[in-house]
Amino acid sequence: MKKSSEKRTLRARLITVFALTTLLLVALDLVVYHHTVECLLPAFARYVVISLLGSLVLIGLALCLAPVISRMEDYYDK
Amino acid sequence: MTSNPVLDYCLTPGLMLILAGGVLACARGWGQRLIVLSMPVVALLKLWNYAAEAHWSCAAAGFNLQVLHVTSIGRLFASVFIIALWLGGMFALQSASRVELASAFVYAGSAISVTLCGDLVTLFLFWELMALASTLVIWSYVGGGEATRRAGLRYLLVHLFGGVVLLAGIAGMAAAGADLSLGVIHGDSLARWLVLVGFLVNAGAPPLSFWVADAYPAASPSGMVFLAAFTTKTAVYVLISYFAGTAVLIPVGLYMAIYGAVYALRETNVRRILAYSVVNQVGFMVTAVGIGTPTALNGATAHAFAHIMYKTVLLMGAGSVLLSVGKDQAADLGNLARRMPWTTACVIIGALASMGVPLTSSFVTKSLILQAASEQHLLWPWIILTVCSAAVVFNAGVRFPWLTFLQPQQSAAVEQGRDPAVLSKFALGAGAGMCVALGLFPQQLYGLLPFGGNYHPYTLSHVVAQLQLLVPAALLFFVTLPLFTLQPQRQLDTDWLLRKPLLIVWQDFVLQLFALGLRGRSLSVSSLIRGFKFVFRHHGPRGVLSRSWPTGSIALWVAILLASYVVLFSL
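Each protein sequence line maps, in turn, to chains A and B. Using our numbering, you'd call the opening residue of the first sequence number 293 and step up by one each time. Using our numbering, you'd call the opening residue of the second sequence number 998 and step up by one each time.
Hints should not be assumed to be uniformly reliable.
Chain A is faced by these chain B residues, among others (derived, beta-carbon under 8 Å) [said to hold, decoys possible]:
#1 LEU1376
#2 VAL1384
#3 PRO1469
#4 PRO1485
#5 ARG1487
Which bits of chain A does chain B cover? Going by a derived footprint, with three or more residues having C-beta under 8 Å, they are [unchecked claim]:
#6 304 to 311
#7 318 to 324
#8 349 to 361
If you are wondering where the hints come from, they were derived from the structure by calculation, not from laboratory data. The beta carbon of each residue, even a glycine, is placed where N, CA and C say it ideally should be.
With the hints as extra help, turn the sequences into a complete structure.
If you want it as structure tokens, here you go:
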């Protein structure tokens, strides 16, 4: 129980810190201009969008592939 | 004072370390420590003592073997290999066997010789020595048992296959009269493609990417430090030297970058997470080689240097945990930061370097690769590499230190966690220091790069962009953490084809056919023997038909025949 609450607390703190930092970094794009490849993505917060969308795609891919590729550790020993 | 040309040129840094490996096989105690700590330093001094473009060749078996051909790329790769060997050797002294240390030196010496040789034939000789020595590094881990033996065998088979393909390519080129000396191979011949495939096998390219995560974590805690430093990076070096600008390498590298990121996401063995991270980062370098511009090749070289440094630190950290706790599954670890503060601090520096956080090594190296993609207006490669830069958070960047050192304690085994011995702590600290030094003084590294260039990584735009990539990814990592189980799992890969269907085919068909053949052969042999015995019984020296009859017996039979005739006639 203690372990679970400790885990939740630390995670919750880290999530709060990273969420606030992300917002701050997005706000910085109001004053910082990036030279990047021209694409359809908006110039404002482009890297944040790429990071979030790209990471979500990779997480989704990993979760979708799980039933196909994940097995018990001793799979090959059976 | 005149220099001795034999010592100056014949005894290259690579050969020197191979010889040191031979001596290490017999040395122990202070002698062993002296060799492990001093020989890499001597080799590094010797390497930088060579003039630019220094070369030396010898004739053997009709080939002109260019054993030494110093180039700026080769010297940089050789330097980082020597530093990795020095740090890894220092770390290994605590726990490694004599066989492991000796094999590691031969392995490193071969890898260095590959980066310093000037033709494909010499390269092949050291390439194969590297495969054999690295297999010995895996097999020397006695604690791994049968699993290590099998993983080492699979590793050897993959590398022998790659070696055969490479040899076929080199032979094809030689037969066609092509130039085998160092330089980009042009044309579209089959032999050229075979050489490329042979190199890509060692890089961990698809469809054989599996061997990295299969074999590396099967090695000892120190063995994996050596393995992660040399094989894949030697492949990157030869790709830069012989296949720069080969467009097909762009999709291959992008696949590797995505593969490493996705597979590491569900992995629960912390050393295997780092192995997938190796494939992920080598993917960046292979893509850069495919792009082939001076900035891209500088980026591949610089990133290989940075990657070897931070991965050495991370693997020494994982090795320290395995040595003290005896576990490498996330379900058995956690909360080691308090018990292993030095290791944790060094690993966190290595992890920050792996993500490319400003003031660390990857920030100043990976950006060159992304810049090269951007300069060439390669939109999709740029987007995929940018996403994969952010995704480092999900493997070596945050996931590995979190699962190992920072998450709540998962088992009682963690109580045994202790920082390693002084020498190992020094190795960890020196590696972490290098990661920071490269980030703080990038111009020193840029000055050594093969194609020059004027790069300024510390612009406000770049710093903000990098943080904009990493922080949201870290946020997403912690938000989605409950979606990923800690239960030990194995990720199926293309090796499944070898280890399941092909094994079934082998056991149920091929072996059955062999057994049937053997049964048929034994049946025919036994029939032949029975037939021979029958003939022998009747026609042999004692057989009825070839027996020598005595005269009295013949007279008796004649009398019986005559008597029978008389009786029959009188009837």
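Task: Unsatisfied constraints (hint numbers, rising) - done: Those not satisfied: there are none.
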